[in-house]
Each structure stands twice: as C-alpha cells, then as structure tokens.
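These protein sequence lines map, in sequence, to chains F and U. Numbering that gives the first Met the number 0 applies: residue 0 is where the first sequence begins, and numbers increase by one. Numbering that gives the first Met the number 0 applies: residue 0 is where the second sequence begins, and numbers increase by one.
No lab work stands behind these hints, which were simulated from the structure alone. Some hints here could point you the wrong way.
Remember, identical chains collapse to one label, so a pair may be satisfied in a single copy or spanning two.
[What the hints assert, rightly or not] Calculated lysine to aspartate or glutamate pairs in the EDC-like style (CA-CA distance at most 16 Å, straight line): (1) K327 - D36; (2) K319 - D36; (3) K342 - E299; (4) K366 - D84.
Protein chains: 2
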Amino acid sequence: MNRTFFPMNRVLLGPGPSNVHPKVLQALSKPALGHLDPQFIGLMDEIKVLLKYTFKTENEAALVLSGPGSLGMEACLLNLVEPGDKILVCVGGYFANRMTQIVEKIDGNLITLKETWGRAIDPNKLEDALKQNPDTKIVAFVHAETSTGALSDIKTLSEIAHKFGALSLADVVTSLGAVELRIDEWQIDAAYSCSQKGLACVAGMSPITFGPRAVEFIKKRNIPVQSWFNDLNLLLGYWNGPGKRIYHHTAPSNQFYGLHEALLLLKEEGIENSWKRHKENSIKLVSRLEEIGLEPLVPERERIPNLLTIKIPEGVDELKVRMDLLNKHNLEIGAGLGELAGKVWRIGLMGYNSNEKMINYCINALKDVLQ
Amino acid sequence: MNRTFFPMNRVLLGPGPSNVHPKVLQALSKPALGHLDPQFIGLMDEIKVLLKYTFKTENEAALVLSGPGSLGMEACLLNLVEPGDKILVCVGGYFANRMTQIVEKIDGNLITLKETWGRAIDPNKLEDALKQNPDTKIVAFVHAETSTGALSDIKTLSEIAHKFGALSLADVVTSLGAVELRIDEWQIDAAYSCSQKGLACVAGMSPITFGPRAVEFIKKRNIPVQSWFNDLNLLLGYWNGPGKRIYHHTAPSNQFYGLHEALLLLKEEGIENSWKRHKENSIKLVSRLEEIGLEPLVPERERIPNLLTIKIPEGVDELKVRMDLLNKHNLEIGAGLGELAGKVWRIGLMGYNSNEKMINYCINALKDVLQ
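Chain F extracted, bound-state conformation (with noise of 0.2 Å):
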C-alpha cells in the first residue's frame, strides 16, 4: 500500500462519473493558484459566464459549489426552505427521495407527490396536489432522475408551480450539457447539477443557478440559511463582489481548472449539438440492446437521452453480470437503486463517452458476459 496509486483505464458507462475528456484531466495538474488571486478571480469570471451559457441563463447568481452534486441538492434546499416552509417534492425515484430527507433534516413542511419509478411526473398530479395545498412555497422537481431513466417535462412543472404562487427548484444534475435545458426560458427559479456526467469533467464540483425571485427571497429570509458553508449570501460574496470579493472558503483552484476545461469543450462544440449527439447515441444504443434481447424501462418519450435503464432478463444474476463486466471488460455500468435494485441495469453514455465507439464497446461485453 506504500506505493502510488495507479488506476484501471476503466470504460464508465455508469450513471456518473464518465469518462473524463483528456484535456480536462490535463487542466487538473496545472500549478495551483490562491483562491484571491487576481488571475484565480478571473477565471471564477469566466466559468460563471461559461456555466450562464450551459444553464441557458442570464442569472447572475451561477457558480460552483466546491463539492459533489449532492452537496448542491443540499445547498439548494437549505437556503430556498425556512424551517416550517411547505415545501412540495414530486418523488419518482431515489434522488427525488434524497430531497425529502434532506427537507426532513432541515425542518421543512414536507409534501410528498409520488409517482411511479420509471415514469416522469405526471402534470395533472401536480396540479391536483397544489389544490389541496396552495400555501406551497417551493415545488422540487428532478429532471433527468439518474435512478429511473425517466426524464420529466419541468417546463410545464414550473409553470404549475408558478400558477400557485409557488417557487420552482430542479435538480438537473444528469441533464445538464446533456439534455435540452432552458432555464431562463422554462423559468425555474434555481437548479443544481454535479461535473461528472454531461459535462464530462472529474467528479466534485456543483453548478448552480438561483433567479432573482429566488435570490431575493434568500436575501429576505426571517431565518438566516442555517448553514455557513452554503449560505447563497456569502457565496454571491466571493463569487460576485460587488467590488472586492470576499474571502469565503478556499476554493480548489484546480478542480476549477478542470471545469472551466470541460465548460470550454461543451461551448466549442454547441450546446444544442451536444443535446442532439446525446439524443441520437440513445437512439442507437436502444436499438442495439433490443438486437440483443434487452428493452428499456422508460416508454421512448420519457427517456433521458443520456441514461437508459435496461430491465434485467429473467434468471440472470445482475451482481455476476456487472462483475464480469468489471472484470473481463475493464467495463462500468450501474446498478439499480432503492426500489429498482436488483431490477435494472443503468446504461449512461455522456459527455465524451457519448459516441459510436463507446455504443460498440458496450454492446460487445454485454453480448459476450451474457452469452
């Protein structure tokens, strides 16, 4: 154990992390740089303006957590919900539950809106559940959730939410740079989403975006965020001025690198081409694993382009499966969560790893470890 640590060149085709573009590992081992340098503050400029480009927004609250996406989930629900808030979640899957522990944790007046797992929230559900609850200050919602497969239409879920008064929070951390995303257009008040999926960077760090609305109600809470680390106030501090930046913590100046790499890539090659890569590598990839006897969860409307849940086969041990995969093939993909373990298999292919190559790759360990 003395000894540097030298990873497999693992083929990630999980849920996240996925493969890293080399030019993003490169920007990792840069020299580091003080977290007030001139030239450090600069570069937090030109990833805010990057991320604004990838979120779709003019918000001047976007900036990176310096932590995982779950971290985002956190960061977002504790400055958006005073202890006592009602707060409506729509639960189709693992990470939408996450939410609700996490409200539960931090006081909040939680509503449960539940939907099948492998579906997208049903509008109408929602709809309904504001009737009967219509002093609901936020609705959050998952986009893309990682655990189904299935993605959800939160344009018309934050216009609902809108329609009651209420606020709109969306975890897009498998969509972003992935799946069409329009914040500003869709009008959702604020979103997280994690590096290592669509955007093809190292795991670690958490874009997110708040709104003016939601911005404002932050700066006028009767409770102070009951957070330090993720106060929104002291963040938009260091982030943002005016003037002078405030010191807030130490952010990892080259895990910032990485991103602001990987922002550089989505941009150069266009977002909207990157939406449409992904869309049409899951078109291929579907119609491969059906040649091979595998069908996916979700119906073909609400599937997230860039992760497939792929049922698993009658009689067929799934641990054994993905072992051999791990084993034979140097070859990651996901297991299923909560109430799909032992039920699916999860498929990603994003960021970098969403291409034609990669759709071979798979479908040959998979024919070869299930034969």
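Following the hints, complete the assembly by docking chain U onto the known chain F.
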C-alpha cells in the same frame, strides 16, 4: 476567454494553498474511477490508514470530506452539537470566530471565551469559563490559528474539557502534517483539517477524525444531524461499511488520487521529520526576517512553525507591497484577516514549500519591494 486557462506558476507563501508537490499534481490527471469501484474502495481504505498515521490515531472514524476545510468545520459542529447544547468556543482569531458563526446558525447554545488575537488560548481562562458553565457539552478550539499565527496547547485544553465532562473539538487545519499533533495521546475527541497546507496537496478536501466517545454521541443523538451531506452516520456507511459500502455521494476520485500521493510523501519523510523540518525552517525564516527589520507578532513560544504573522512596518502601504510581490516576483503572501487586517502579513512555509530555497526567495523579494 474562449481559451484553455494557463495559471502563472506562483510561489505560494501565504496561509495556504501552498505549492503542490509535482507528484501530487501528476496524480490528479489519472483516469477517473467510479465511487463504488472495488479499486476505488481500496484506495479509500489506504487513505484511511494513511490518515490514521498522519493524525496519530487509531480512530476507526478517519475519513475525508469531499469539500474544503471550512466544510469540515461545519460538519464537525453539525454532528457534535444538538440544537440547544452548550458549546464553548475559545476565540483568539478569525477561524475560531467562524466556528461561533456556524454554532449560531445551527442553534447551539454558544459560550465564547475571548483571547487576545496573536496569543495562545490561556488554559486558566478555559478552566474559569467551564467552572461557570459546568453543563458545557463541547469545547472547541483552534490548534494553529491561521489568522494570527498563534499556536495553542490543545493537549492541555482538551484535558480541561474532559475534567468538566465535555468533549473536545480541534481545528487542525493549519497544523496537520506540519506541527506536532497527537490525536490519541492528547485525547482529542474530534478534529478536522484541510488538504492544501501541511499536506502539500490541492485544496478541496477535508480530512476529519472522530474518537469513540464522539462517534457514540453522534449515534445516540436525540435530534438527527441537521444535514444529509455531513451526517457522519451516513458517511461512515460509505467509508467503513460494515461489509458492502453504502453509496452516499459521488466522491471526487481524482482529488483522492492527489491526497493519497500527498499522504504517501508525508509518510515517506516520516511525520516527526516533517514537524522538525517545519520548525527549523520557521526559526531560520524569523531570523532572516528580523535581519531586514521585520518583526513577528506572536511571542516565540506561541508561534505556529509553518505560518508566521509579521507586523507591517509603520508607513508601509501593505496592499502595494503584496501587489508588488505578486506582480514583480510571482510571490503570494497573505493579508491580515479580521482584527489584524492591515496590521500583519502572513507568511507560510508549508509542506513542499518548507525549505531553504523558499526562505531565500521570500527574503530577496521582500527586500526588493520594501527598499
């Protein structure tokens, strides 16, 4: 702005980040691994063993939070303080003061012991404060107060806490790896640190450790930890099992490669040798600074070996000096914080940077811009 970012090769002699060992930088750009990959779990196990060596502890709860040291501070307080619990924080600087801000946000019953900025915490004051507050459950203090340069005798502080039946929590952000620290021998119940100072790694990770009594307390809390991301019970399920590791968050694999390498380098040197090196270079730096008329703030026996605060000579424009150092010499030193803003500079010789070449570089640059 649509270009790859190339950071200047700064000489980082501020309060951290410090320059990263080239082997650590290299480690960062290895291929990513999934957070449940058996190989990655193996890496986490090695990191745990190396952390126990570094903390000088046999604690089973020795792990890394996927965020910077300030997240570690918040996580420790969230886990150890139940709303309404009395916690005594020994405040002699900016970072201890941050603890009090967090305690207020999480509804702890805060008692503050005030010490002069630039001095070690006086154990007699703690004894008096605990006599007046015998129902105190936690005593929290900073080992090496990065804002003032003062090192406290946390062995004695912890003894006093225990005498009154309280648990002890130590901030070892600046000391870990660079200053003598013995978690078990000194009976520290919980401690948190960072990656970018004494460990000579990149920023963004927080090594923490909890002793058996602290873990017991957290397991038996009446009110669940008010955070999902920082809940030690969940984190231990991922880090320690038993048996199969339970998914918590997506750990940043590449950051962990860097930390593993940094901890290996420290073990290779021998931690006692590292403490000695930091001490010796600190003495050399002070005498060289005194030769050019600069004076340390902190009395000799209370000085942090790896972080010196230097009084700003009368009539000197402190900001101009720092900007000149940066622009003419690529050298970053730290400004004063809080009460000491405008009154001191902070010079760190940490980890990879604690050597004679850096002392020469620093003195020559200071001579140049101060002349």
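Hints versus structure:
{"no.": "1", "hint": "K327 - D36", "verdict": "between (47 Å within a copy, 14 Å between copies)"}
{"no.": "2", "hint": "K319 - D36", "verdict": "between (50 Å within a copy, 14 Å between copies)"}
{"no.": "3", "hint": "K342 - E299", "verdict": "neither (18 Å within a copy, 65 Å between copies)"}
{"no.": "4", "hint": "K366 - D84", "verdict": "neither (51 Å within a copy, 59 Å between copies)"}
The earlier numbered hints that this structure contradicts are 3 and 4.
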